[in-house]
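Enquirer: What follows is each chain in one-letter form.
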Amino acid sequence: MITYLEAIRLAQQKALATDSRVFLYGQDIGSFGGAFKATKNLSAEFPGRVLDAPLSEDAIVGMAIGAAIEGARPIVEMQFADFSTCGLNQIVNHAATLFYRTSVPCPIVVRLPSGGTSGGGPFHSQSLEAIYAHWPGLVVVTPATVEDAYTMLLEAVNIDDPVIFCEHKFLYYHLKADSLPETALPIGKARIARAGRDATIVTHGAMLHESLAAAQELLEDGYEIEVVDLRSVKPLDTDTILASVARTGRLLCVSEEWPWGGVTAEVLARISTEGFGLLDAAPMRINAKDTPVPYHPDLWAAHRPTASTIAAAARRLLHI
Amino acid sequence: MSKKIAPVTQSDFIKAYRVMLTSRVLEEKLAGLYRAGMIKGGVFLGRGQEALSVSVGIQLRRGDIFAPLIRDQAGRLAFGDTVLDTLRTYLGSQLGSMRGRDGNIHRGRPREGYYAMISHLGAMIPSVAGALLARRLKGEQGVVGATCIGDGGTSTGAFHEGLNAAAVDKLPLIVVVANNQYAYSTPNSRQYACSDLLDKAAGYGVGAHKADGTSLMDCLQTLRNAIHAAREGGGPQLVVADLLRLVGHGEHDDFAYLDPKLKKSAVGSDCLLLAEKHITDQGWHTADEVAAWKRETESEVNATADRVRREPSPDPSEDDWAALSRPEYREQYAAS
Ligand SMILES: Cc1ncc(C[n+]2csc(CCOP(=O)(O)OP(=O)(O)O)c2C)c(N)n1
Ligand SMILES: [Mg+2]
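Line by line, the protein sequences give chains C and G. Sequential numbering from 45 applies to the first sequence in our numbering. Sequential numbering from 21 applies to the second sequence in our numbering.
So here's chain C without its partners, still in its complex pose (with noise of 0.2 Å):
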């Protein structure tokens, strides 16, 4: 069985065999295999080619910026999502604006770890997809399954433009599947998770499991839910959920980020506006708590959205 991390490390494997502009840059991704072991044996396999940083969030963004001008693909690993933010800069300003201000493109891969699990506290669960969505010149992906891990990522590797590639830390253990595809769905689009008719849910990254759960739940009381996994945040395919919701005319949207101008805002501004006719009720988002992500275990699961929440959420939605 390959567990998400391991599709991650077998991406990054495939992606040094197959490509030699390809290097990885990060802290502790060398011999020690990087934190989470998504790079374990890999500087061994590929000498030279997968170095440890210092510590430097800047510089190690900065130095696959200057690495892509000069035709390499690098992929650099934060060892938290929460840390990229000391690289900020250098994402936000140089490699998305690259291209648009000398049409040269900034091919580089910044791979966080990101989302909540048990005992992480504020500065170890952060959900940071949609603030990289927010400015133009980024792509950002939430891979929800193995395959999805596996495959976007070698697919990040070949997109000329900066991807940052948002990997569940909730799902690296216990998502497992038998074998790694060959093809996939394209970055851009999104995939219906579970068939219904009766309401939509639409989410991505680690919620996506927690809806599936909601909808089975749901179906013991006979409703059937559409649950749409984004895998992508941008490009966001706003024509899936379109389609889906002209299918069940309701809407739930459901993040694990923060409320204010997340993920789910984006979407129900888009389906409010493009689809409003379809929606036979006002559509819903159930996002965490609007604080930072709390350390007691509790605290935790209280904060973000659940199987249960969600459920008791869509049935409002289905009441209305």
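Treat each hint with caution, since some may be false.
Stated by the list, open to error - For lysine to any residue, the following SDA-like pairs were computed, each having C-alpha atoms within a straight-line distance of at most 20 Å:
| id | chain 1 | residue 1 | chain 2 | residue 2 |
| --- | --- | --- | --- | --- |
| 1 | C | Lys84 | G | Arg210 |
| 2 | C | Lys84 | G | Pro207 |
| 3 | C | Lys81 | G | Arg210 |
| 4 | C | Lys81 | G | Gly268 |
| 5 | G | Lys281 | C | Ser75 |
Said to hold, decoys possible - Which chain G residues face chain C? A few, computed with CB under 7 Å, are given here:
| id | residue |
| --- | --- |
| 6 | Gly120 |
| 7 | Asp122 |
| 8 | Ser139 |
| 9 | His140 |
| 10 | Gly172 |
| 11 | Ser175 |
| 12 | Ala203 |
| 13 | Ser205 |
| 14 | Arg210 |
| 15 | Gln211 |
| 16 | Pro334 |
| 17 | Trp341 |
By construction, these hints were calculated from the structure, which means they are not laboratory data. Since the structure is predicted, the reported quantities are computational estimates derived from the model, not experimental observations. C-beta: ideal position from N, C-alpha, C; glycine also.
Following the hints, complete the assembly by docking chain G with the ligands onto the known chain C.
Expert: Then chain G with the ligands, alone, in the frame of chain C:
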């Protein structure tokens, strides 16, 4: 310098040793609780760094500012943190200073000058510098601020910007670098290329002090000098102590990457054992007396842990979920 710097006395040494011992015993308890699955999240210990850490915390005064980092259990206790609040924070007690909202090393009581670190390394340096600037603007004199960092943390932009800014304003800031040879798995050879981290002091134009991190006496004296220099108007002081982290990065880490040569080298000694030996060699106390201190500390730590384990967890339904101090600005719109 106006005032003469007093030498470290027997009583200074013993007081500092007792705090080191408490720190060590407490951290061993934390490791045990972690192994028993009672602590969610990380446990990051300062074993081998107690002499340096205590020397900072114990020589600051009430009214000074202290922003400790990952491996400063000893310095925290010396500055006024308690075994009780440490255990409450690790175990997520509702009664702890962080109320379960943050954990482990990310605790503090800013109103008491004891700052609560964020994880992002380097960040505390400019913040303590700013605190000192504010104290100066308020007309306070003779106040200093100290913050600790690792060899890895010296590579951050915040370290550079913070130390430079503090130097420009000649702020009474002491930056203490625990050069413990590794940043997680990364050895110093992949962290910096100067021959000694102390060389950086000249570049920033700040005072430079080197300490043997395994020697309590040397750490106490060096920090005393550095704190004195800052207090007397000498501007920022950079202290670099060479030592070795004697545990993994966190309790999840087996430290397999440790170079055995380092373990056997001068930095590899255990500062607690060396301090103990100094006490008995000097004839200040017998080994039996020192052992009795340890037993006493263990029973205090165990009793406190038992008490904290019976304390309530934070109740999500009673939490106000407020990230802003002003109630009118709190909105729960679209929150679950
Ligand atoms: C800006 C930033 N990047 C990455 C991390 C993740 N991280 C936590 S501790 C650590 C190693 C720190 O090494 P060092 O500064 O030498 O301190 P030590 O752990 O050795 O005491 C890393 C990389 C972080 N906390 N902050
Ligand atoms: Mg270190």
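Enquirer: Give a verdict on every hint.
Expert: Hint check results:
1. Lys84/C x Arg210/G: Roughly 18 Å between the alpha carbons, so the hint for Lys84/C and Arg210/G holds.
2. Lys84/C x Pro207/G: 18 Å, holds
3. Lys81/C x Arg210/G: With a Cα-Cα distance of about 19 Å, the restraint between Lys81/C and Arg210/G holds, given a limit of 20 Å.
4. Lys81/C x Gly268/G: Judged against 20 Å, a Cα distance of about 16 Å means the pair holds.
5. Lys281/G x Ser75/C: 18 Å, holds
6. Gly120: For Gly120/G, the interface hint holds, since the closest Cβ of chain C sits about 3 Å away, which is under 7 Å.
7. Asp122: Asp122/G check passes; min Cβ-Cβ to chain C is 5 Å, inside 7 Å.
8. Ser139: Hint holds; Ser139/G Cβ to chain C Cβ min 3 Å, cut 7 Å.
9. His140: 6 Å, holds
10. Gly172: 4 Å, holds
11. Ser175: Nearest chain C Cβ about 4 Å off; hint holds.
12. Ala203: 5 Å, holds
13. Ser205: Interface hint status for Ser205/G: holds (3 Å vs cutoff 7 Å).
14. Arg210: With a minimum Cβ separation of about 5 Å from chain C (threshold 7 Å), the hint on Arg210/G holds.
15. Gln211: At 5 Å from the nearest chain C Cβ, Gln211/G passes the 7 Å test, so the hint holds.
16. Pro334: Because about 5 Å separates Pro334/G from the closest Cβ in chain C, which is inside the 7 Å limit, the hint holds.
17. Trp341: 5 Å, holds
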